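Novice: Using the sequences and the accompanying hints, generate a full structural model.
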Amino acid sequence: MVDQEAFLKTLRYALVSFRVTGQKLIAPLSSQFGHGSQPSFVKEEELEKLRCKLDRVRSALKSADDLPISDAFDQHWMRELRDLQRRAEDVLEEIEFSSFRTSQLEDFNFELVGSKDGKRKRQEVCLLFSSFPSECFNLKIERMMERYDEIAADRRDLRLSEEDGLRRGCSRKRLATTSLTKGELYGREKDLKGVRELLLRDDSSNRSFGSICIVGMPGVGKTALVQHLYQDETVQNRFDDRFWICASQDFDAENITRTIIQGFVEDTRDQREFNLLQDTLLRLLTGKRVLLVLDDVWVSDENRDWVKSNWESLEASLNRAAKGSKVIFTTQNMNVSTIVKSTHVHDLICLPDEICWLISKRRVFEGRNTSTCSSLEPIGREIVKKSKGLPLAAKVIGDFLPSAADEEKWLHVLRSELWSNDQLLSEILSPLQVAYNRLPPYLKRCYAYCSLFPKGYAFEKEQLIRVWIGQEFVEAHRHLQREEVGGKYFDELVSRCFFQMDGAGVERYVMHDLFHELIQSIAHECCRIEGHKLCDYHEKARHLSLVPPCLDLEKTIEFQLQNEKDLQSLLLISRTECKSEHESFRINVSTDLFSFVKCLRALDLSHTNIKELPRSVNHLIHLRYLVLKKTKLQRLPESICGLFKLQTLDLKDCYSLNELPWGIKHLLNLRHLELPMPKCSSVYIPPGIGKLFNLVELPIFFVTSDSRSCRIGELNNLENLENELQILGLQNICDKEEAEKAKLINKAKLKRLTLQWSISPCSSEMVPSKSSYMVLEGLQPNENLQHLTIRGFCGSKLPKWVGDRRFAKLVKITLEDCWNCDELPPLGQLQVLRHLLIQNLPKLKNVGPEFCGGTEQELDHTFPALEILEFIMMDALEKWDGVKEEDLPLLHTLTIMQCNKLKTLPQLRSVRKLHVKHSPQLHELPLLPSLQHMHICSGCPLLFQSCQLHCFNKEKSCEKVWVLYYYSFESIRPKLNLACNQRF
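If you read the sequence shown in full-length UniProt numbering, its first letter stands for residue 1, the second for the next number, and so on.
Everything hinted at is true.
Heads up, simulated SDA-like pairs for lysine to any residue below, C-alpha to C-alpha not over 20 angstroms straight-line:
1. K913 x H892
2. K140 x S595
3. K913 x P864
4. K743 x P687
5. K488 x V696
6. K901 x E823
7. K901 x P926
8. K809 x P889
9. K917 x N900
10. K455 x E530
11. K743 x R711
12. K884 x S910
13. K385 x Q500
14. K386 x R363
15. K288 x G324
16. K812 x T895
17. K62 x H477
18. K812 x E850
19. K611 x D592
Honestly, the hints are just simulated from the structure, not real lab data. What you are looking at is a predicted structure, and each value in this text was computed from that prediction instead of being measured.
Specialist: So, in structure tokens, the structure goes:
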């Protein structure tokens, strides 16, 4: 029986080998039919016609980007044109796939013979051949041509004329006014005081005038704030003349100059040359202290140089004014302050709900007895919360609320969708709409796409950029990677206040609810469904998201479609507050789901209990972005390796995943490959990963003992890797020569590097110390590295490159679980090192002068930039000396934790914060003259008993002393009181 199985296996191998060899032999004869072994039957002349038509469509659409078309017919025509563009691009990609798949996958089919689960994997690969549409490509192209002619009939040669709409940027003119609106300015007392002080004091700069930028999102009250200051009596008395100019339409030095001159009641009609105007302005400004307000200044990529040159012309005139003159800019764009070299920037943020209620309350109850409406106040406060701190919205809501003291009417407003009222929404969104209209087309597309995410969603910059790239919203650049261009897009939106930093302490960004309302009303191709079922949606939608509620995780999400759709995005989005490590949504995905959405470019099934992808995934040949993080996925089908357009594959936190597909090396367009950090075992990476030359993100790389898996040498060709790389399992590398094959020294874009031996203390002795040393020596990184972590190292000392002064950008080092290391490298030589963590070096007994950099004479002081130093779990450490008085000049935080044998500390004059815990032999502290905070936890009995409080500067008391110990410290309280203003 065993012999028969072996015979069948050998026969299968021979047949597949014969098939592949035969197809290779006839390939030259069939080349006229296209690449690969199967002719695609596409007429070249028809294909060329389609490409030409597609180029014309793209040109027409690019021209239309400058026309904010309002006519319903024209808008419909543009949608049809974009739809045609997408369909034509899909057909071209299908033809490309048809040629490419055979040449790539036939050899792959041959490789799978004899591999583990080879039969199943070959069956999955075969799906790629059967999944392709049987309809003739020529017929598809013919239909494209017919559709093109039908659409083009409405516009001769697909050219838009000026009559089709106003040019982008032309909008209703904003009126320049210094008149105050009725009533006081609620909640801006601190802002008024701060800016008033800036106006009333002289600047120390060389310029005769100071400049102040008031920055904030539309509707936050920038103009209102400056209007109050402009009319302030103290401010008026400070300046000889004041001028208010609205610069929202065009920042033109000639027009601004002319307006200022006219403010002096001088006629400028005869002065047509700018030089004459400048001379007149110089004469009028000389010796006078003036206040100039430039309201609503706008800067974009298109007009940046124009604004800069015009400001420089205006600046030359303003320098003739008297010392103490001021220019105030109000703007939504943070970049304005850079262009005008502003001396002060004042960020105007949204107001608290309490203040917004006061604004609305004044509008509703003005002139009425508010005591009779006390029952309405709790309801009104809840309604006003929907303004999300925007004063303009609070004001409009106040006007909208019923004036009658009818509790039922107010409750009706509270229960209803407030923003469904068109008039209310129009008044609030008007300034936001103006700001959006000013965006260039590529930013509009990117921002509108964000309507797929729910209100309050915390965006991760890198993830959003990747999905933008997947949708081809990010334009190609000659010298920059698409990720860099996308980063510039995102930063531009942040600088214009379309995104704000989340206040949660992590680098995430949020969108104001009213901006969300705006793009939701604009993004007709985006549809967001909030619920558990993927149901019918409007036919215009090309991007679809499903946002399930957090409260009912047990309910199953139904992913079922009945008819073929033209979707390009299908995203299951977990709300920010739902992203728990242990929770996932139940999902029911029909096996044929992806056969109905063949045009998908982005697919996200994160945070679900999905264990395997449906077999129909092989239909998604246009897919660029696939995110499956935090799922129960155990394996990926081999058919996924035929999705040649895939750029992002995110498998982060998929802890059940044990292997990658054998054919992943065929995903030649893959740029981002995120793998789970192993908890018990690593993910098997098959050989060939080194062929993915376009990879820029590979945060985790596993080195296993399996000889059939990917070896570290395959990192050699991945020269574009950037940001972070963690190499795990270094105990499986034999020698320096193998380690050097990774060529880490050539990877100049890597910022963070982790080198880890995944072994326990018990098995550390099984790894030769010299072997670990040589391996680490061969893994020397590029000198551009910023963060370095070495974990699980088994050598007795670290190689010379660790601590080498050539690493001039290294800001953080972590040495952890270095089981046999008994000496530290000269880390004090690193000129920009700011954070050093040394944890669990159980054989390190002494930290001496070599740690600071030895006896090198050229060092004035060691650790010149170090700010944070931590010694944790250093069980053998007995002595720390060799620190000179001038060393560690910037060290402000020192942590000593679980250093069981350490008795004393060196003198560290700059330390402001000291944390000590579980260090029983530490019995005294040196003089610490800068100490402000001391945190002593349990496990330090000798330190308590000695109570050596001379560590504090007698002239500068310690602000806080936190003593957390299970013994009573009442006996030492009097001594503490002598030295410190302590707080227990």
